[in-house]
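Undergrad: Sequence:
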Amino acid sequence: MVKRDILPVQSYNEIKEKIGNGRPTILSFGMSHCYSCIAMSKVFYEILREHPGLQIYSIDSQKDRIISRDIYRLKEMPAQLFFDENGKEVFRHTGAYKKPVAEVILKKYGFAL
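Position one of the sequence shown corresponds to residue 1269 (my numbering), numbered consecutively onward.
Note that these hints are calculated values from the structure, not bench results. Everything numeric in this text was worked out from a predicted model, so none of it was measured. Wrong hints could be hidden among the right ones.
To be verified - Think about it this way: if two alpha-carbon atoms lie no more than 30 Å apart in a straight line, the pair counts; the simulated DSBU-like pairs of lysine-lysine are:
hint, residue 1, residue 2
1, Lys1331, Lys1366
2, Lys1376, Lys1356
3, Lys1375, Lys1356
4, Lys1356, Lys1331
As the list claims (entries may be wrong) - What follows is a set of in silico ranges between Cβ atoms, one per label pair, in the way DEER data are often shown:
hint, residue 1, residue 2, range
5, Phe1359, Ser1304, 14 to 20 Å
6, Ser1300, Gly1378, 26 to 32 Å
7, Ser1304, Val1372, 28 to 34 Å
8, His1319, Gly1288, 15 to 21 Å
9, Arg1341, Lys1286, 17 to 23 Å
10, Arg1333, Lys1376, 16 to 22 Å
11, Cys1302, Ile1373, 25 to 31 Å
12, Ala1380, Ile1334, 28 to 34 Å
13, Ser1279, His1301, 25 to 31 Å
14, Glu1285, Lys1366, 15 to 21 Å
15, Ala1380, Tyr1303, 27 to 33 Å
16, Val1369, Cys1302, 17 to 23 Å
17, Lys1284, Gly1321, 28 to 34 Å
Each residue gets a CB set at the ideal place from its N, CA and C atoms; glycine is no exception.
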């Protein structure tokens, strides 16, 4: 079985200034014990490894629950929020998906691949 790495988890406070910094950004909210969250993190890890210029960040929804619940109004995990270069949310998705679907979404919303 092939071991695939996952995105490192960061706190929202560490990355919030990156939203709207002139580059599109993805926040991937999940939980460490959630199979679908881990699967989504592996997909984003692979995409980031192939396209290191992208801004994709993993946030633990339990540690940053006030952010995920009160600011972004997330109710289910995993959840991905896509922001344009100005920091405007352009798309959100709840659940996990395979890498080809993620790449289609990235292209559609202006993430250069």
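Undergrad: Go through the numbered hints given earlier and state which of them the structure violates, listing their numbers in rising order.
TA: 7, 10, 11, 13, 14 and 17
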